[in-house]
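Novice: Put chain L on the given structure of chain G with help from the hints.
Those protein sequences? They're chains G and L, same order as listed. This note's numbering puts the first residue of the first sequence at 1, with every later residue one more than the last. This note's numbering puts the first residue of the second sequence at 365, with every later residue one more than the last.
Honestly, the hints are just simulated from the structure, not real lab data. The structure displayed is predicted, hence computed values, not measured ones. Every residue gets a Cβ at the ideal spot worked out from N, C-alpha and C, and that includes glycine. Some hints could be false.
What the hints assert, rightly or not - Cβ pair distances, simulated, as ranges:
| id | chain 1 | residue 1 | chain 2 | residue 2 | range |
| --- | --- | --- | --- | --- | --- |
| 1 | G | 264 | L | 420 | 54 to 64 Å |
| 2 | G | 82 | L | 448 | 33 to 43 Å |
| 3 | G | 276 | L | 433 | 39 to 49 Å |
| 4 | G | 124 | L | 420 | 41 to 51 Å |
| 5 | L | 385 | G | 24 | 44 to 54 Å |
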Amino acid sequence: MPVGRQTPLFKLHQELNARIVDFGGWDMPVQYSSQIGEHHAVRRGAGVFDVSHMCVVDLHGSRVREFLRQLLANDVARLQSLGKALYSCMLNEQGGVRDDLIAYYLGESWYRLVVNAGTRDRDLAWITAQAQPFAVQVSERSDLALLAIQGPEARAKAAQILPSAAATEALALPTFVGRELGRWFVARTGYTGEDGFEIMMPAADAVPAWRSLNALGVASCGLGARDTLRLEAGMNLYGNDMDETTHPFESGLGWTLAMTPRERGFVGRAALEGIERAGSPRKLVGLLLEDRGVLRSHQKVIVPSVGEGAITSGTFSPTLERSIGLARVPAATAERVQVDIRGKLLSARVVKPPFVRFGKSLVS
Amino acid sequence: MSQLPADLKYTKSHEWVRALADGTVEIGITDHAQHALGDLVFVEVPQAGRKVQAGEACAVVESVKAASDVYAPLSGEITGGNPKLAAEPEAVNTSPYREGWLMRLRPAPGALAAAALMPAAEYQKVLDAEGG
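The shape of chain G in the complex, shown without the other chains:
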């Protein structure tokens, strides 16, 4: 079996008896003991995830804002205060999604991006090429580990492993804001639908930090739980729910597009304007399976007298104790659909994601 890339926490994951799987070329922990147990730990208490496989990229240069306003479909000019983060798609000229990412505004000539692991190499190549005319320096921060600490108790627990001055500052961070606190960059962001932090730290700090969090009762959580948590939270997964062949309007990501000011010419804009004028023939919706079974990606969705679509992400929701999913369906799809699961047509209800937020069910 070929060995993938490993994060600074790999040996600790093995020591903790994690089941290791390949994730976009990385050897990552999918679960430690029970995926459902880890999921509930995050909804009810606190859990920690190793997301060091994600790619942190620093951009420096006097024209960096101008560069990002061309590169990204959301507008970094919306970031008014230092540390503020923005979720954005990075598009190709056809309006397809190259990747989704977070951009942090860290200075007049410094922004930081966090992009997906599976798209790392082609993202870096694309960003570097696009940055050249703006003389923006692109540096991959492979020296950093990235830990996500998530759940209703996550911030309070994580603060206990920070020096006291830093802890006070960390606890004062507004949502979607990050700050350098000593050697660590602490951000109040996440991918679970719960409160929490994502912390970037020098690789050597990661193992002691993880052990300290475990000692405080923060559960080790794998990428399996991360997937059920993000899907309950109605968040897209790149490669499943959108990719280079699908555009934001049919991926539930229209809200991330900054179409004004009209004079901002970003990559993909012309294609998006055409799609917006014509109206997207497809949309991404949430589905709640009413029969017993489990929605999985690629299952066929039948919309009576309208057409067909497909599940893009599906799972069993541990919080709702039933199956949920995201599906790309014809724009005219109303409330009810059928899903073909192994040749049986099961009924599902169209709902607006998220399904779960801050531990509470948002669907009936």
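Specialist: Frame of chain G, contents of chain L only:
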């Protein structure tokens, strides 16, 4: 470490078979299989009366992560599925050899003798070879 009851027979695809007193057999998946799948959330068992061939996919076990087929270890007619699993699929995780049985089957004539079933020690070698 997987536990392997000595009174059962096993398949390479990780099913187990128990001979019952009435001449039918009970079928489930092994401790190794349930562990590899993770937390089960849905189990689909065949209807009584369905005739199956050895090696035919006849039940589905789904964990949070994925769906897996369960194959008939021998040919015969299904006499019933485990009714408890509709509400408690996790019984396959907690008690793979007892509470978590999947289905019962009446072997076709000669099917039991013809089936490629292994005793525990031989199945253990399969697991060792898989690195389990």
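Novice: Need the list of violated hint numbers for this structure, in ascending order.
Specialist: 2
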